[in-house]
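Top line first, the protein sequences correspond to chains F and G. Counted the way the numbering used here counts, the first sequence spans residues 1 to 207. Counted the way the numbering used here counts, the second sequence spans residues 208 to 423.
For the record, the hints were derived by calculation from the structure and aren't laboratory data. Don't take each hint at face value.
Taking lysine to aspartate or glutamate and the EDC-like style, the derived pairs with C-alpha atoms no more than 16 Å apart in a straight line are [as the list claims (entries may be wrong)]: (1) K272(G) / D59(F); (2) K272(G) / E11(F); (3) K272(G) / E294(G); (4) K272(G) / D70(F); (5) K272(G) / D60(F).
Partner residues are not named here, just some residues of chain G that face chain F (Cβ under 8 Å, in silico) [what the hints assert, rightly or not]: (6) Y275; (7) Q276; (8) F296; (9) H395; (10) I397.
Pulled from the structure, derived: some chain G residues nowhere near chain F, Cβ distances all over 10 Å [stated by the list, open to error]: (11) N284; (12) R285; (13) W300.
Quick caveat, the model's predicted, so the values are computed rather than measured. Don't be surprised by glycine CBs; every beta carbon is placed ideally from N, CA and C.
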Amino acid sequence: MALDRTAPAHELPCGRHVEDVLDELDHGTVSGHTRSCAHCTTARHGIEALNEATRILLDDPVEPEPGLVDRIMSAVRVEIRHSEGLTLPTGADHADISIRAVASLLRFAADTVPGARARHCRVEPLPDPETDPGAGAGAGAGAGAGAGAGAGAVPAVRIDMTLTVRYGTPLEPLLEQVRAQLVAAMAGHIGLEARTVNLDVVDLWDE
Amino acid sequence: MDGLSTVQAGEAFWSGEVGRCGLARAGAVHATPIPSAGLDDATLVVRAREGDLAAFEALLRRYQKRIYQLALRMTSNRADAEDVVQEVFVTAWRRMPEIQREAAFSGWLYTTATNRCLTLLRGRRPVSELDDANPPVADDPMEDPESAAQTSAQLEALTRALRVLTDEQRAVWLLREAHGRSYDEIAHIIDTTPDAVRGRLFRARAQLAEAMSPWH
Chain F
1 MALDRTAPAH
11 ELPCGRHVED
21 VLDELDHGTV
31 SGHTRSCAHC
41 TTARHGIEAL
51 NEATRILLDD
61 PVEPEPGLVD
71 RIMSAVRVEI
81 RHSEGLTLPT
91 GADHADISIR
101 AVASLLRFAA
111 DTVPGARARH
121 CRVEPLPDPE
131 TDPGAGAGAG
141 AGAGAGAGAG
151 AGAVPAVRID
161 MTLTVRYGTP
171 LEPLLEQVRA
181 QLVAAMAGHI
191 GLEARTVNLD
201 VVDLWDE
Chain G
208 MDGLSTVQAG
218 EAFWSGEVGR
228 CGLARAGAVH
238 ATPIPSAGLD
248 DATLVVRARE
258 GDLAAFEALL
268 RRYQKRIYQL
278 ALRMTSNRAD
288 AEDVVQEVFV
298 TAWRRMPEIQ
308 REAAFSGWLY
318 TTATNRCLTL
328 LRGRRPVSEL
338 DDANPPVADD
348 PMEDPESAAQ
358 TSAQLEALTR
368 ALRVLTDEQR
378 AVWLLREAHG
388 RSYDEIAHII
398 DTTPDAVRGR
408 LFRARAQLAE
418 AMSPWH
């Protein structure tokens, strides 16, 4: 091992260095001298004590105080970035829901499909459907909740989502289920129509 | 947009309960989604980057203990170590939009934590380099009876021995031996080459072995 030994070496009374003993132990080639020399044996005990303590440190028993996570989350919440809102169809009164909250709900909905995990999620309001308000049906007939808001123009959104999918899961049915969940969650929970749902599988995971 | 009825993600809306009940009604739910704690880093990082507090909290819970342990072994002071953890994670939250390589998140935490510790220690001991006679000011964590009870004698000996190293050597040794970070990564953290890291690590081990040998 060609190591730079410019730093002061740790000399033993026998003339060798702690580094020599360490090097031998690292390579499993302990010399006769090291075996028989009292000073090298002492050095070896030090190395063994270090190795033992290192193993313990790999599973370090010290714990941060239990309140630390909450303290950090409080500090983080203060800095939460404001998210844009989506206007909810509440009639005369104005009501918004943050797009971030909607994205969280949609990820949750996607995660209910076995093998799917949602990553990126973007929700964008679509312009008022002046013409042909029923055109969104193609996105997800499966859930059956899409038309829950009743007559007339339900505001529509576009959802772009990326997914990571469990290795070996058939993609077509999975994507259909995710799509259905998103459409159903959007209609049943927020009261908006997910007219366009773009899904993109960007990664695979394995258990 | 600023209406009172705006709901922010991660507050009342994303508490899990609302979503769970609502979804059960809304569509055919096949399974309860895996809690954030079971998700891979990359997924959590993307979600946290987009402001999902539950995902960020899962990352925090996953890494806070290891980052705390690194900071404690670096600084020998619980309060300092907790401050480092808090600063690292609050900074992570602020920088989340800039962290583009999701897989590099843990590396980013280690880099930031190590540098924070080194800065803190430089401020604490502006002159001395290798100062055996004057170990770091600290309420030594090992003097805390509760902690001492669960800490073996070997670990105490190691904690004492770590004080003979320079701050940077200690960082190299801890990152490699206690946290399994790669030579490349450590080289990047302390701004040197992987070969130099190997050399420093070897010397640090010799020094520690000497400090832990029966002569001491």
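Hints and how they fare:
no.: 1; hint: K272(G) / D59(F); in the structure: holds, 11 Å
no.: 2; hint: K272(G) / E11(F); in the structure: violated, 38 Å
no.: 3; hint: K272(G) / E294(G); in the structure: holds, 14 Å
no.: 4; hint: K272(G) / D70(F); in the structure: holds, 14 Å
no.: 5; hint: K272(G) / D60(F); in the structure: holds, 9 Å
no.: 6; hint: Y275; in the structure: holds, 4 Å
no.: 7; hint: Q276; in the structure: holds, 4 Å
no.: 8; hint: F296; in the structure: holds, 5 Å
no.: 9; hint: H395; in the structure: violated, 19 Å
no.: 10; hint: I397; in the structure: violated, 16 Å
no.: 11; hint: N284; in the structure: holds, 12 Å
no.: 12; hint: R285; in the structure: violated, 8 Å
no.: 13; hint: W300; in the structure: violated, 5 Å
Hint violations for this structure: numbers 2, 9, 10, 12, 13, all remaining hints satisfied.
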